[in-house]
Structure formats: C-alpha cells, structure tokens
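Let's have the full structure, built from the sequences with the hints guiding it.
One-letter residues, chain by chain:
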Amino acid sequence: MAEWLLEIFSEEIPSMMQQGAQEQLRVLAEAELTKAGLGFERLRTFSTPRRLTLVAEGLPLHTPEHTEEKKGPRTDAPAAAIEGFLKTAGVTREACTLQDTPKGQFLFVIKKIPPQPTEAVLGEISLAILKAFHWPKTMRWPNSSTPWIRPIRGFVSLFEGQIVPFTYAGITASKTTQGHRFLAPEPFEVSTFAAYQKKLRDHFVILDRDERRTLIAQDVETLAKKDALTPTQDAALLEEVTGLVEWPIALKGTVDAKFMGLPFEVITTPMRVHQRYFPLKNTQGNLANAFIILTNLKTKDEGKAIIQGNERVLRARLADAQFFWEQDRKHPLEQFNTGLKIRIFYRHLGSLFDKVERLEKLAPRIANQIGAEASLTQRAALLSKADLMSQMVNEFPELQGIMGRYYATHQGEPAEVAHAIEEQYLPKGMGGPLPTSLPGISLAIADRIDSLIGFFAIGIEPTGSKDPYALRRAGLGLIALLLNLSLSPQEILAWAYEGYQWDELSPPLLKSKEETIEGVWTFLLERFKFYLRDQQGSPYDHVEAVLSIAGNASTLADLAARTAALGDLLKTEDGKNLRAAYKRASNILKVEEEKEKYTYDGIVSEEELKDPAERNLFAMLKAKHAEIICLTQQGEFNQVIRSLAELRGPVDTFFEAVRINVEDETLRKNRLHLLALLRKTSHLVADFSKLEGEA
Amino acid sequence: MRTDFQSIILKLQEFWSNQGCVILQPYDGEVGAGTFHPATTLRSLGPKPWRAAYVQPSRRPADGRYGENPNRLYRHHQYQVILKPAPADVLDVYLESLKHIGLDPLLHDIRFVEDDWEGPTLGASGLGWEVWADGQEVTQFTYFQQMGEIPCDPVPAEITYGLERLASVIQDVDNVYDLTWNDPQGAAPMTYGDVALQMEKEFSAFSFEHLDVPMTLRHFEDAEAMCRSLLDSKLVLPAYEYCLKGSHLFNLLDASGAISVTERAAYIGRVRALARQACELWMEMNHG
Numbered sequence: 001m002a003e004w005l006l007e008i009f010s011e012e013i014p015s016m017m018q019q020g021a022q023e024q025l026r027v028l029a030e031a032e033l034t035k036a037g038l039g040f041e042r043l044r045t046f047s048t049p050r051r052l053t054l055v056a057e058g059l060p061l062h063t064p065e066h067t068e069e070k071k072g073p074r075t076d077a078p079a080a081a082i083e084g085f086l087k088t089a090g091v092t093r094e095a096c097t098l099q100d101t102p103k104g105q106f107l108f109v110i111k112k113i114p115p116q117p118t119e120a121v122l123g124e125i126s127l128a129i130l131k132a133f134h135w136p137k138t139m140r141w142p143n144s145s146t147p148w149i150r151p152i153r154g155f156v157s158l159f160e161g162q163i164v165p166f167t168y169a170g171i172t173a174s175k176t177t178q179g180h181r182f183l184a185p186e187p188f189e190v191s192t193f194a195a196y197q198k199k200l201r202d203h204f205v206i207l208d209r210d211e212r213r214t215l216i217a218q219d220v221e222t223l224a225k226k227d228a229l230t231p232t233q234d235a236a237l238l239e240e241v242t243g244l245v246e247w248p249i250a251l252k253g254t255v256d257a258k259f260m261g262l263p264f265e266v267i268t269t270p271m272r273v274h275q276r277y278f279p280l281k282n283t284q285g286n287l288a289n290a291f292i293i294l295t296n297l298k299t300k301d302e303g304k305a306i307i308q309g310n311e312r313v314l315r316a317r318l319a320d321a322q323f324f325w326e327q328d329r330k331h332p333l334e335q336f337n338t339g340l341k342i343r344i345f346y347r348h349l350g351s352l353f354d355k356v357e358r359l360e361k362l363a364p365r366i367a368n369q370i371g372a373e374a375s376l377t378q379r380a381a382l383l384s385k386a387d388l389m390s391q392m393v394n395e396f397p398e399l400q401g402i403m404g405r406y407y408a409t410h411q412g413e414p415a416e417v418a419h420a421i422e423e424q425y426l427p428k429g430m431g432g433p434l435p436t437s438l439p440g441i442s443l444a445i446a447d448r449i450d451s452l453i454g455f456f457a458i459g460i461e462p463t464g465s466k467d468p469y470a471l472r473r474a475g476l477g478l479i480a481l482l483l484n485l486s487l488s489p490q491e492i493l494a495w496a497y498e499g500y501q502w503d504e505l506s507p508p509l510l511k512s513k514e515e516t517i518e519g520v521w522t523f524l525l526e527r528f529k530f531y532l533r534d535q536q537g538s539p540y541d542h543v544e545a546v547l548s549i550a551g552n553a554s555t556l557a558d559l560a561a562r563t564a565a566l567g568d569l570l571k572t573e574d575g576k577n578l579r580a581a582y583k584r585a586s587n588i589l590k591v592e593e594e595k596e597k598y599t600y601d602g603i604v605s606e607e608e609l610k611d612p613a614e615r616n617l618f619a620m621l622k623a624k625h626a627e628i629i630c631l632t633q634q635g636e637f638n639q640v641i642r643s644l645a646e647l648r649g650p651v652d653t654f655f656e657a658v659r660i661n662v663e664d665e666t667l668r669k670n671r672l673h674l675l676a677l678l679r680k681t682s683h684l685v686a687d688f689s690k691l692e693g694e695a
Numbered sequence: 696m697r698t699d700f701q702s703i704i705l706k707l708q709e710f711w712s713n714q715g716c717v718i719l720q721p722y723d724g725e726v727g728a729g730t731f732h733p734a735t736t737l738r739s740l741g742p743k744p745w746r747a748a749y750v751q752p753s754r755r756p757a758d759g760r761y762g763e764n765p766n767r768l769y770r771h772h773q774y775q776v777i778l779k780p781a782p783a784d785v786l787d788v789y790l791e792s793l794k795h796i797g798l799d800p801l802l803h804d805i806r807f808v809e810d811d812w813e814g815p816t817l818g819a820s821g822l823g824w825e826v827w828a829d830g831q832e833v834t835q836f837t838y839f840q841q842m843g844e845i846p847c848d849p850v851p852a853e854i855t856y857g858l859e860r861l862a863s864v865i866q867d868v869d870n871v872y873d874l875t876w877n878d879p880q881g882a883a884p885m886t887y888g889d890v891a892l893q894m895e896k897e898f899s900a901f902s903f904e905h906l907d908v909p910m911t912l913r914h915f916e917d918a919e920a921m922c923r924s925l926l927d928s929k930l931v932l933p934a935y936e937y938c939l940k941g942s943h944l945f946n947l948l949d950a951s952g953a954i955s956v957t958e959r960a961a962y963i964g965r966v967r968a969l970a971r972q973a974c975e976l977w978m979e980m981n982h983g
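As they're listed, the protein sequences go chains A and B.
Residues in the first sequence are numbered consecutively from 1, following this note's numbering.
Residues in the second sequence are numbered consecutively from 696, following this note's numbering.
A hint or two may mislead.
On the chain B side, residues computed to face chain A include the following (Cβ under 7 Å) [said to hold, decoys possible]:
#1 P765
#2 D829
#3 G830
#4 P849
#5 V850
#6 D869
Pairs of lysine to aspartate or glutamate, EDC-like flavour, derived with a Cα cap of 20 Å [what the hints assert, rightly or not]:
#7 A:K304 to B:D867
#8 A:K298 to B:D799
#9 A:K330 to A:D256
#10 A:K137 to B:E844
#11 B:K794 to B:E832
Hints are computed from structural coordinates only; laboratory data are not their basis.
Please read all numbers here as calculations on a predicted model, not as lab measurements.
All C-beta atoms, glycine included, are put in the ideal place defined by N, C-alpha and C.
What follows is the structure in structure tokens.
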C-alpha cells in the first residue's frame, strides 16, 4: 500500500476561492483514481494562499487487470467498414468476439489490459485533474498555454517518494517546494507526505486549513481575553483571513479614543470589510477601542511596526469617516433628496428622486393593508434614499440604510421612521433577517415591487444567467416578505404600475398593465417554487400541483401552507393510497372522456346510486367537499389535508366493491360522475395529476 | 538609509535600471495613472520585449480635497514598471525592490490580496493583487490580459507603486503633507506639503468651483475630433495623446458633477473607443 503526493504551487490564490478549490481537487482526484481502478484508503486535500495539495494513502502498487471492450460494425456491414475497424483496433477478424444485440450481431474486440505500475498512470491522472479544473476566473501568463487562477510556479509529484513525471503549464514536476514567502523562502526537497507537512511547518507554513482556522480563532479569542474583551463572531471574515496567511500571528491594535463616538457600524465597517480586522467588544457588549489584526509574520520586534502601520491606516479611514459624519449631519435629510434628481434609477424609469416619489404613495397603501401607520411609512419613504447622497455612504456603500437611520434619529424623526429606513434593505439574502417593524415591511415590499414592475414594464427581465439589475434577488426578497402576511400581491402590482409617470418617461417599449402584472406574477411564482424547495424542502411538483389550482387571488402565505400540508399528506399511508386512488379514478375518466368527447363534472344523481359502497363514498364526498371549501377559506390547510385523507377508506372500498364499466349506461355514467366528484374534491387541495414519480 | 520621498524614487530608478528597464520620464500631459503613459498602454501590446520604469504624476480631480485630507490627493505620484513578458520570478524581484527602498518584509507584513484590475476608459483588464504593507495598499500588481480590448500576448506584468502611501509606511507618517521630500538634514529641507500643498488647494478649487463646464465639454468634443482625424492620418502617438486629453477632460467634468450617471457610461465608452482604435492602429503598423 502506497502514498501519492501532489502539490500545485502557485502565486497567491484569492482567499475566497481556496476552500472551493480544495474540495474540487478532492472530487476530481477521487473520480480519476476510480476511473483508473485505483482504490485508496484515504484521500485528503489542503489549501493555503500559495498551494493546493493532495495526498492519497493506501494506493495499490499496480492498477488491476481489466478488460476494455470496443464495439465494431455489424457482422453484415460492408467489407470496407469491417476492414477499417480491424485496422484501427489492430486485430484480425478471428480475434473478434461476436455479440448479439437488439440491433443485430456486432463485432467486438475485447482487450485484456494487464496491470500497470501505479506510478505509470499517476502522471496522466495529474494532467487529467489539472485540465478538468474549473476556476471562477482564469488568467494567462508567459510560457503557459493553459490558464489557471494565478501563475503556477511548481509541482511536487511523488509516489512512494519517487517523482511521478509530468509537465503542465510549462512546468515539470519535481520533489522541490518552498515554505513561507519571507520567513523561510529557500526551496527544499520532500519525500513523503508526513515529511512534507513537517518540513512545511519548519518553514512556517501550516498546511491544514482547518488547523489554521482553529488556530486563528483561538489566538483571536486569547488575545482579546487578556483585556477582558471578546471578538465579534464573523465566520466569513475568519474564512477569508484563513486564506490570507500561511503562518497566522494575531496582534492587537488600538483605536484612537477620539473616534469612539462614531456609530458602531462606521467604526467596524472599515475594520472588517476594508482591513480584515476583528472588532472587539467589552463585557457590556459595547465596542471596545481595540481590534485584532491577523498577520502572516512573526517579527523580531514582536509586531510593533506592523501594529503601528495598521493603526495608522485605520486612523486615516476613521478620520475620513469622522469628517463625513460631521459634514453629513449639517444638512437635514430632505435636502439630500435634491441630489437624487440627478441619480438615475434606470434610464426609462426615472431618477431615484422619481422612485422616492412613487414609494411615498405606494408604501403607505401597503401599510394600510397590513395595519402599519401610514403617515410614518410615508415619512420613511420620503427619506428612504436620502442617505445615498451622503458622503459617508458614498465612501462606504455598505452603510446605506444604516446611515439613513442614524441621520434620521439625529434630526429627531420618530423611531419607527428611522428604523424603517434601515429595514427597507432587508432581507439581504436567502434566509436573511426580515424587517421587524410594519413600516419597514411596507417600505421593503414597496421598493421591490416598484423595481420589478418598472423593469418588467419596459421589457427588462432576467434571462438565463443574466440578471444585471438583481431582479431575482428582489423577487426572492419579496417572497420572503410576503410570506408572513395575508396580502394579495396582485392589487399592489397594479398600484405600482399606475405609480409610474409613463407619459413623461416615455420608454421605447412599454407593456400594458395587464401584461406587466402577469409577467411579474409568473416570475414571482417561479421564484416562489425555488424558495419553497430551498426553505421548506417542497419538491417542484408539489408546488406545481398546488399552484395550478390556487388561482391568482391566493396569498403566498396560503400557497406555502398548502404545499407544506400536501407534502405532509403524501408522507402518510392514507395519503399515498389516496393518491393512487386519485390516479386510478382520473385514468379511468381520461380514457372515457377521450372516447366520449365529454367531460364528467361530478354531478351525481343520488337515486341512481345502487351499491352501498358508492352511496357511502358519495355521502363522504358531499360532506368533504363542503368541509374542505370551508376549511380552505379559513386557511386551515392541515385540517383540509386530514379531512381529505379520511376519504381513503371509502374510496378503497368503492374500488373493491363497485365495477364502473357496467352494461347499464345510466349506472355507468353516474359512477363516472362519482369518480369526477372525487377528482373535483381532490382538486380543492391540489392537482394530483401534476405530481411526479410513482403513486 | 535615506527614506525621504525623493530618495525612494531615486532608489526605485536605480533598482529598475539594474533590472534592464529603460528609465523614462513622466508623460508630459495630464493622465489619471501611470498605465495611461504610452510606454505602458501601447507598449504592452504585441510580441516585442519591453521593460520600462518611470514616475508618473497622476491627476484624479474627484479626489481633490483642498489639501485638507491626510491622504487623498488631486495629484499623486505613481512609480510605474512594465515588464513584457512578465518574468517567472517577477514577484520575488518586486519584493527585492521593497527591501531596496527600506521596507523590510521581515518587519512589515506584506500581503497579496486579490484585486483584479479594470481600466474601463482603456478597455483594459488584468488579474493580480493589491499589495499590502501593514494593512496599507502600497502597490497594484497586475498581469495584463487585454489592452484596448486586444489580448496581450505575451502577458506583461505591471507594477504600480503608490509613492505617497509607500513613503507613509516607510517614514511612519500619518499625514501625507508631513512626509519629508528631500534630505531633512540638508540646507533647504522640504516636506511634501511645502512642495505640493498649494497645487492641491488651487486645483481642487479649479475643478470643483471654477471649471467652465460648457467650455470643457467643447474641449472634450474637440479632443475627440482631433483624435479621430489623427487616427485617419495614421499618426498613432499624436492620436493617442488626444485620447488622453479627452480622458482627462472627462475626469474634470465628472469631478465637477456635470455628468449624470447615464451620461457617464456613454463618455467612458467614447474614450474607450478612441483608446481601442489607437491600440489597433499601433498593432496594424507593427509597432508592437
């Protein structure tokens, strides 16, 4: 049992791509080894800023003997075709096997491939991995005809300590690599993985990403603790920093006391986003005047120069922020709105000022529907985009909405207004936090609907992978917002359309109100299917089954509850049987309806019911039909489903006891109507025919 | 070791001269960055080897702060190096240059942080990093992939040092105007402020308050027309010069707030079209 080591040594790989690359390397290696018939006991991959490494342990010394089958022409094919095949395969006709297939008798060449030494195939495998590798972005560099994320500068490729030769991107594999760029730059040779990992450590490189990440988290924690502080938790920042260092050293810097009066986000945004520092909090949970820098260097001055330098950079950024904070607060927020007149929202959709004017009308109407204070919502809408013209947001775009809240509070706006200005941007992503205040919800909905309606009206819709105006994200956000409300979006879509001054904007293409609403609604339902699958695990076909009967008047909250209930039903024994019965009934109906060119609508004549089983089923259906309609109106979907499931017994008995295709035409037709009533009742809940897979 | 502003420049000149670069002078017209110098833009195209280094005063009207911001400047200085083809040890050589000017990578935390560069007015793009020294971005390092929308082959390496920021790290100074410019022990010691503050004040006032917008718009149109006619006459270097004039006039208009967001994209597109045609002409005439 043997070990294979492969290191791809390159210039610095973007931090956020390393983890994905490490995983991709593992998947590709596993696939290639399996293809070659090479089993292994363990396969691990690693990543640092400068290297991607793979080690496979427990490989056999030889590939297994296996056969390769090559299919030739049919035995009765023209002589020339057969001749050609034999020539390329390098065999005589006698050496071929004949095999019968449904398409006739064919020539086959079956070749025994003898075992090969593993090292003889690993070079090819390495090349296959490198060629199949996919990066989100690639570049060219001199002397390499093959792209990579950054220039490759070396390969270590060893099997049992011996070089497995190959050349890629103009570089020949060797047993030499390098450690830390500054602390130990001299090249060294390696033989085994254990020695490789150990020597890297001696050369100030911690190969294992998980180890590095844990170490960083611990160091940050420990260093903060010395001053009774705690770091703010930030998994994304931790991951990014893990990809920026090979030899992590945590250092603590201090924030100038004069900046500590700035808002929390104004101090922490440059720290986290621009400088990749960890902000610290004190025991009361307030921001402390200290931060932690993760460096890649152990220095003889204990990091003194590094701390000084980093403090200087932060000081400069905070000095800017301080200046903006003071300047911005000199003007009331309303004054910034003037500037919005020259900020284009979109060419034929007017300026941001126009958008604000539309939101001032739309948001309060939504507020009225959901019981929010309309006047506060209108005020929030008026001020909603003002901070985009502030110097602070111009410098730190991530602070949009947040600065709006601070500036609104500063000028004495009601808390609800300030809060709504910040919350209009929520949710920021799938599953992200939602606005908590009703004016915030109203404004968030209004903003997204205004954008969707506007773009759809002038014919701009997301296509394929293209979505330059982030309409998909707006759609998903809107769905998350609407889900908890009993609000029918249809009406709001119409208001939004009417809010645009189409005459003045005069876009080159303008869809009618009906067409636009239809387009947005269809788009939202598509997003909704995606959302339900992602968030509550509902398969597409369940959503489809519910949507196709729910109609446009339904609220999304309704549809989500129905889909969830349907999923629950189909998990139960009763549900599965009921679905089978539905299928049986609808299949029978389909055949008859096609034959007779007639649609059975479930108008059963009670006196024609002869068999007790059919009488019983009819009684049940009649009762259930009314009950389900009533429960649906109340939104009690779990009860709807329970009610529907109770049909299972009578339906089963009916199919056991009653024949449908009887001589008596009246009887037959009546029974078909009874099946149609079953179909109709089921359709109150979902169109079961849309369900995929076996019943 | 002398760490004043001009000593850093002199040492970089010496270092890159020893790397076989032609040491050039700044382009004698207004540009926004060292990349716009024809020694980079045009010479990065085509197969002929090329190594050049030079200081480039770079004008960014929108960054003017009347001399009141500690690190934002109407005109800053870049030290620009272009190496075609990019040598395999280019990063090591670059790091040597930092040592040469007194930035010890065993005392300062040097990091390569992903930053892919795009120059929309030049139709240029590349992959690379911003190089950090103790959290300060001191260099933009780019492997050019295309220039004037033409693929670069072979790929050059572009190294752009931000001289003020670099000097701030080396001199450990907060405010750019406090940097020593020449020998602080000399007969007439000067700070950066002594040399450059007046320019910052006046040019900020010029571009934010005194720019004649209609006249500048006209100049832009004129520069564009001149560039086109020079392109027709196959005079690539003068044509490119008028493309640069257009680019600078656009920057002035942009800083003054005279251009709306939508118009902005259109202006950038117009400058890019000129740059692309100049690059194409350069290649067509086998100068690359």
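Comparing the hints with the structure gives:
no.: 1; hint: P765; result: 6 Å, holds
no.: 2; hint: D829; result: 3 Å, holds
no.: 3; hint: G830; result: 4 Å, holds
no.: 4; hint: P849; result: 5 Å, holds
no.: 5; hint: V850; result: 5 Å, holds
no.: 6; hint: D869; result: 6 Å, holds
no.: 7; hint: A:K304 to B:D867; result: 12 Å, holds
no.: 8; hint: A:K298 to B:D799; result: 13 Å, holds
no.: 9; hint: A:K330 to A:D256; result: 24 Å, violated
no.: 10; hint: A:K137 to B:E844; result: 18 Å, holds
no.: 11; hint: B:K794 to B:E832; result: 16 Å, holds
The structure fails hint 9 only (numbered hints given earlier).
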